[in-house]
Amino acid sequence: MTELKLTRKDFVSDQMVRWCPGCGDYAILAQMQRILPELGIPKEDVVFISGIGCSSRFPYYMDTYGIHSIHGRAPTLASGLKLTNPNLQVWVITGDGDGLSIGGNHLIHTLRRNIDLNIILFNNRIYGLTKGQYSPTSLPGTKSKSSPMGSIDPAFNPIAVAIGSGATFIARTAATDVKHMAEIFRRAAAHKGTSFIEVYQNCIIFNDGTWSFATDPKTKHDHIIYLEDGKPLIFGKNKDKGIRLNGITPEIVSLDEVDESELLVHQESIENGSLAYFLSQMHH
Amino acid sequence: MSDIKPIYKDVDSVVIRFAGDSGDGMQLTGTQFSSTSAVLGNDISTFPDYPSEIRAPAGTLAGVSGFQVNFASKDVLTPGDAPQVLVAMNPAALKAALPDLVSGGTIIVNTDSFTASNLKKAGYTSNPLEDGSLDGYTVHRVPLTSMNREALKDIEGLTNKEIDRCQNFFALGLTFWIYDRRLDTSIKWIEQKFAKKPQIVAANKTALHAGYHFGENTEAFQVRYRIKRAHLEAGTYRRITGNEATALGLLTAAQKAGKTLFYGTYPITPASDILHFLSTYKNFDVRTFQAEDEIAGIGSTIGAAFGGAMAVTGTSGPGLALKTEAANLALMLELPIVIVNVQRGGPSTGMPTKTEQSDLLQAMYGRNGESPIPIIAAQSSADCYDAAIEACRIALRIMSPVIMLSDGYLGNGAEPWRIPDVDSIPPIKVTHPTEPNGENGKFLPYKRDPETMARPWAIPGTPGLEHRLGGLGKQPETGNVSYDPNDNQQMINERAEKVARLANWLPEQEVYGQEKGDLLVISWGSTFGATRSAVQAAIADGTHVSHAHVRYINPFPRNLGEIIGNFKRILVPEMNMGQLVVLLRAHYGTHEFIQMNKVTGRPFTIKEIREKIDSLLAQG
Numbered sequence: 001m002t003e004l005k006l007t008r009k010d011f012v013s014d015q016m017v018r019w020c021p022g023c024g025d026y027a028i029l030a031q032m033q034r035i036l037p038e039l040g041i042p043k044e045d046v047v048f049i050s051g052i053g054c055s056s057r058f059p060y061y062m063d064t065y066g067i068h069s070i071h072g073r074a075p076t077l078a079s080g081l082k083l084t085n086p087n088l089q090v091w092v093i094t095g096d097g098d099g100l101s102i103g104g105n106h107l108i109h110t111l112r113r114n115i116d117l118n119i120i121l122f123n124n125r126i127y128g129l130t131k132g133q134y135s136p137t138s139l140p141g142t143k144s145k146s147s148p149m150g151s152i153d154p155a156f157n158p159i160a161v162a163i164g165s166g167a168t169f170i171a172r173t174a175a176t177d178v179k180h181m182a183e184i185f186r187r188a189a190a191h192k193g194t195s196f197i198e199v200y201q202n203c204i205i206f207n208d209g210t211w212s213f214a215t216d217p218k219t220k221h222d223h224i225i226y227l228e229d230g231k232p233l234i235f236g237k238n239k240d241k242g243i244r245l246n247g248i249t250p251e252i253v254s255l256d257e258v259d260e261s262e263l264l265v266h267q268e269s270i271e272n273g274s275l276a277y278f279l280s281q282m283h284h
Numbered sequence: 001m002s003d004i005k006p007i008y009k010d011v012d013s014v015v016i017r018f019a020g021d022s023g024d025g026m027q028l029t030g031t032q033f034s035s036t037s038a039v040l041g042n043d044i045s046t047f048p049d050y051p052s053e054i055r056a057p058a059g060t061l062a063g064v065s066g067f068q069v070n071f072a073s074k075d076v077l078t079p080g081d082a083p084q085v086l087v088a089m090n091p092a093a094l095k096a097a098l099p100d101l102v103s104g105g106t107i108i109v110n111t112d113s114f115t116a117s118n119l120k121k122a123g124y125t126s127n128p129l130e131d132g133s134l135d136g137y138t139v140h141r142v143p144l145t146s147m148n149r150e151a152l153k154d155i156e157g158l159t160n161k162e163i164d165r166c167q168n169f170f171a172l173g174l175t176f177w178i179y180d181r182r183l184d185t186s187i188k189w190i191e192q193k194f195a196k197k198p199q200i201v202a203a204n205k206t207a208l209h210a211g212y213h214f215g216e217n218t219e220a221f222q223v224r225y226r227i228k229r230a231h232l233e234a235g236t237y238r239r240i241t242g243n244e245a246t247a248l249g250l251l252t253a254a255q256k257a258g259k260t261l262f263y264g265t266y267p268i269t270p271a272s273d274i275l276h277f278l279s280t281y282k283n284f285d286v287r288t289f290q291a292e293d294e295i296a297g298i299g300s301t302i303g304a305a306f307g308g309a310m311a312v313t314g315t316s317g318p319g320l321a322l323k324t325e326a327a328n329l330a331l332m333l334e335l336p337i338v339i340v341n342v343q344r345g346g347p348s349t350g351m352p353t354k355t356e357q358s359d360l361l362q363a364m365y366g367r368n369g370e371s372p373i374p375i376i377a378a379q380s381s382a383d384c385y386d387a388a389i390e391a392c393r394i395a396l397r398i399m400s401p402v403i404m405l406s407d408g409y410l411g412n413g414a415e416p417w418r419i420p421d422v423d424s425i426p427p428i429k430v431t432h433p434t435e436p437n438g439e440n441g442k443f444l445p446y447k448r449d450p451e452t453m454a455r456p457w458a459i460p461g462t463p464g465l466e467h468r469l470g471g472l473g474k475q476p477e478t479g480n481v482s483y484d485p486n487d488n489q490q491m492i493n494e495r496a497e498k499v500a501r502l503a504n505w506l507p508e509q510e511v512y513g514q515e516k517g518d519l520l521v522i523s524w525g526s527t528f529g530a531t532r533s534a535v536q537a538a539i540a541d542g543t544h545v546s547h548a549h550v551r552y553i554n555p556f557p558r559n560l561g562e563i564i565g566n567f568k569r570i571l572v573p574e575m576n577m578g579q580l581v582v583l584l585r586a587h588y589g590t591h592e593f594i595q596m597n598k599v600t601g602r603p604f605t606i607k608e609i610r611e612k613i614d615s616l617l618a619q620g
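Those sequence lines, one after another, are chains A and B.
All residue numbers in the first sequence are consecutive under the numbering used here, ending with 284.
All residue numbers in the second sequence are consecutive under the numbering used here, ending with 620.
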């Protein structure tokens with residue numbers, strides 16, 4: 001076999017990218033085009049399938065096979081394609097409206113079946129393409145075009161939905177954290193079974209700053225924890241805080257007062273979803 | 001052994017209906033009777049008629065399940081207008097089926113079930129076996145339950161419930177005796193079906209023999225009827241339902257095209273049997289996918305088509321409605337898929353187990369935007385095989401979704417089917433490009449074949465032909481997203497032209513009877529049998545009437561207008577309120593089209609259509 005020598009450019013299509021200037025989607029696209037050449041997969045074996053929404057324009061910008069399908073249904077096309085030709089690497093690009101509202105049923109059943117697909121859910125907590133209505137991940141009280149006095153619906157937690165559906169690979173990253181995002185994409189590609197990735201992605205027009213707690217360099221260190229297999233949950237700008245289990249409740253402790261050995265240790269391969277569910281429920 | 005010598009009478013055809021509670025096994029009894037008759041070389045046509053509830057309250061009219069078989073030594077096209085023989089397992093079955101029975105017909109009745117409580121449940125105020133209301137019929141009173149219990153009393157390890165469950169085989173055995181049928185086909189079936197439960201095998205076989213011997217030893221049944229073999233074309237025959245035939249047709253088409261068959265679907269009455277049959281054919285590279293809903297069924301089908309499979313989804317009316325948006329996606333992506341719609345009574349949930357032809361306009365127009373999709377309609381249960389192959393052939397030829405219309409009557413009904421010589425079925429040519437078709441090594445996914453107007457079907461995994469498809473308006477040839485007014489107009493024109501051009505390639509419409517005249521009957525789909533039989537009989541009686549059965553509904557056959565022009569009046573019987581007639585009027589509006597419509601959940605009888613023909617001709 002000859003060695004594949006693909007570069008980022010091989011994955012860039014001839015279509016002009018038409019997201020808003022400053023949209024978080026650009027970074028996701030760039031990282032995807034960066035990591036794909038590293039995977040050693042011929043580009044004709046890579047397929048991107050999307051639904052409808054801003055994120056779903058993604059396949060047009062990738063010089064691979066792709067389908068821009070209909071609202072919420074991308075996982076169904078991806079499933080049929082993968083079952084027909086298991087040799088393909090199939091990525092599903094979806095958003096919080098596409099994947100969790102109109103396509104919620106397909107998302108949970110696809111995760112349940114665990115067909116070897118990679119699903120990336122761009123979560124910007126708003127409907128962007130339809131110009132700014134609250135979405136299933138918008139926090140209660142979100143003021144939007146369709147909820148001028150604040151939305152009253154509780155929000156979906158995409159990670160908890162994935163856990164509840166029995167997903168076998170679940171990760172969260174942020175579009176601003178490009179190194180981490182690239183690593184998560186690589187890990188998802190390597191996972192056999194359905195991979196589910198939630199990407200915190202900023203909509204600069206309709207919901208700017210929704211993830212700033214997790215992306216702003218001033219605040220993010222106090223609000224995010226990098227989970228690594230076998231390592232204790234430590235965070236903070238000075239790595240001086242950690243998570244300890246108090247009974248069955250996680251709590252924040254200072255490493256000045258508590259020894260590292262008492263901290264919760266991340267374990268990726270725990271069969272039951274209990275630890276994952278704990279983690280999914282932690283919020284800033 | 002009895003020394004009574006039976007008298008044999010030869011008859012051409014018999015229509016028999018088995019009727020009982022929905023838990024009584026009437027569908028099984030009818031199916032067994034049909035299978036044996038098919039093996040004996042009779043032509044058969046069957047009509048299962050059952051409630052949508054799995055076990056409606058026992059003994060009530062709502063719970064009556066019936067199975068009608070027409071078996072004959074001549075060609076039969078329908079399950080018969082009216083049964084001559086009714087096997088009624090309880091009062092409700094008698095009450096429900098009696099109005100259909102021919103006057104003076106034969107009734108075999110289980111007297112044990114005519115208890116006060118069962119009579120009340122059926123709504124009888126007096127016992128019809130005693131009040132003289134059956135005087136015009138030949139009634140055989142058989143204490144079936146008790147005789148069956150007596151026959152099975154020595155078999156160990158059976159519960160009373162299990163014993164009573166065998167009484168349908170007792171009834172079957174009795175009818176086998178009366179109509180001179182062999183027992184071996186059913187015995188073989190019992191042995192295979194219950195192979196792991198020897199006492200159930202013994203019980204059912206004993207019941208079958210007991211019923212047969214009861215007939216042999218009872219003076220009441222000393223007339224036996226013989227129905228000779230039908231003169232069917234030489235070959236190997238099997239009994240087949242429309243849904244089985246559809247499944248085998250799809251499978252054959254995929255094999256002929258050298259393709260994996262992908263069937264992505266969601267359970268729905270009366271289409272689910274197609275999934276059941278196909279799920280047993282993994283050895284022919286069939287991949288069935290039971291999706292989470294109707295939309296996922298067709299979505300997975302589109303994904304499979306993109307991947308290069310012969311991709312099919314099946315459903316019934318409400319499911320077709322749900323698949324609408326995705327059907328249009330397939331149309332925009334120009335990927336070949338087949339959508340099988342086994343129609344049922346509507347609207348909404350309607351009558352899931354009853355038949356109708358009321359999705360024609362949904363198939364034709366039920367999508368947003370300008371979205372022509374070819375439509376082909378099967379005409380009989382066995383014909384579902386050919387229709388399915390043709391639907392695949394059309395889809396693959398022009399890279400388009402194709403809708404195949406069947407219905408509950410065809411899907412569940414059965415007839416003998418001559419197993420075709422597969423070598424005689426022409427291959428389906430499919431090509432996948434491997435080289436770019438544009439300048440500078442570019443691949444143009446929408447550059448069309450000049451003859452068929454199909455776009456090239458490049459499949460993922462092919463180096464150099466990477467491309468993106470989508471549901472947005474697009475530029476010709478490149479398929480790039482475009483809102484340019486001329487681009488949109490051109491693409492819509494091309495998709496319409498692609499379907500319209502099929503008419504040049506599809507066969508011409510045939511006419512049965514004279515080519516010109518006063519009256520032409522135009523039918524489509526499952527009304528073929530009753531319509532053709534009525535026209536045949538009318539012609540045999542010296543009437544001038546012709547019949548055109550339309551198989552291709554979109555596009556219409558290229559000579560249909562010419563044929564219509566040769567007749568003064570056109571009668572259009574349909575199991576809807578007039579849907580084909582809407583299309584005929586739109587295309588050939590200057591003619592007089594006479595509607596004949598029925599939405600009772602039951603197929604037309606030959607008699608109904610014949611009477612309409614006669615009354616029209618009597619008007620002159």
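These are computed hints drawn from the structure, not numbers from a lab.
Predicted model, so just to flag it, every value in this text is computed and none were measured.
Treat each hint with caution, since some may be false.
Pairs of lysine to aspartate or glutamate, DMTMM-like flavour, derived with a Cα cap of 20 Å [stated by the list, open to error]:
1) B:598 to B:100
2) B:442 to A:259
3) A:143 to A:208
4) B:607 to B:12
5) B:447 to A:259
6) B:442 to A:222
7) B:120 to B:131
8) B:9 to B:180
9) A:145 to A:44
10) B:193 to B:131
11) B:442 to A:256
12) A:43 to B:435
13) B:442 to A:63
14) B:447 to A:63
15) B:74 to B:541
16) A:237 to A:208
17) A:231 to A:208
18) A:218 to A:208
19) B:442 to A:14
20) A:239 to A:259
Incomplete in silico selection of chain B near chain A, CB under 10 Å [stated by the list, open to error]:
21) 77
22) 295
23) 308
24) 311
25) 325
26) 461
27) 464
28) 476
29) 480
Think of the CB as a built atom: it goes at the ideal place given N, C-alpha and C, for glycine as much as any other residue.
Hint-by-hint comparison with the structure:
no., hint, result
1, B:598 to B:100, "17 Å, holds"
2, B:442 to A:259, "62 Å, violated"
3, A:143 to A:208, "12 Å, holds"
4, B:607 to B:12, "18 Å, holds"
5, B:447 to A:259, "68 Å, violated"
6, B:442 to A:222, "50 Å, violated"
7, B:120 to B:131, "15 Å, holds"
8, B:9 to B:180, "10 Å, holds"
9, A:145 to A:44, "42 Å, violated"
10, B:193 to B:131, "42 Å, violated"
11, B:442 to A:256, "63 Å, violated"
12, A:43 to B:435, "16 Å, holds"
13, B:442 to A:63, "12 Å, holds"
14, B:447 to A:63, "19 Å, holds"
15, B:74 to B:541, "18 Å, holds"
16, A:237 to A:208, "24 Å, violated"
17, A:231 to A:208, "33 Å, violated"
18, A:218 to A:208, "17 Å, holds"
19, B:442 to A:14, "11 Å, holds"
20, A:239 to A:259, "13 Å, holds"
21, 77, "38 Å, violated"
22, 295, "6 Å, holds"
23, 308, "7 Å, holds"
24, 311, "7 Å, holds"
25, 325, "6 Å, holds"
26, 461, "6 Å, holds"
27, 464, "7 Å, holds"
28, 476, "16 Å, violated"
29, 480, "7 Å, holds"
Going down the numbered hints, you'll see the structure goes against 2, 5, 6, 9, 10, 11, 16, 17, 21, 28, while the others check out.
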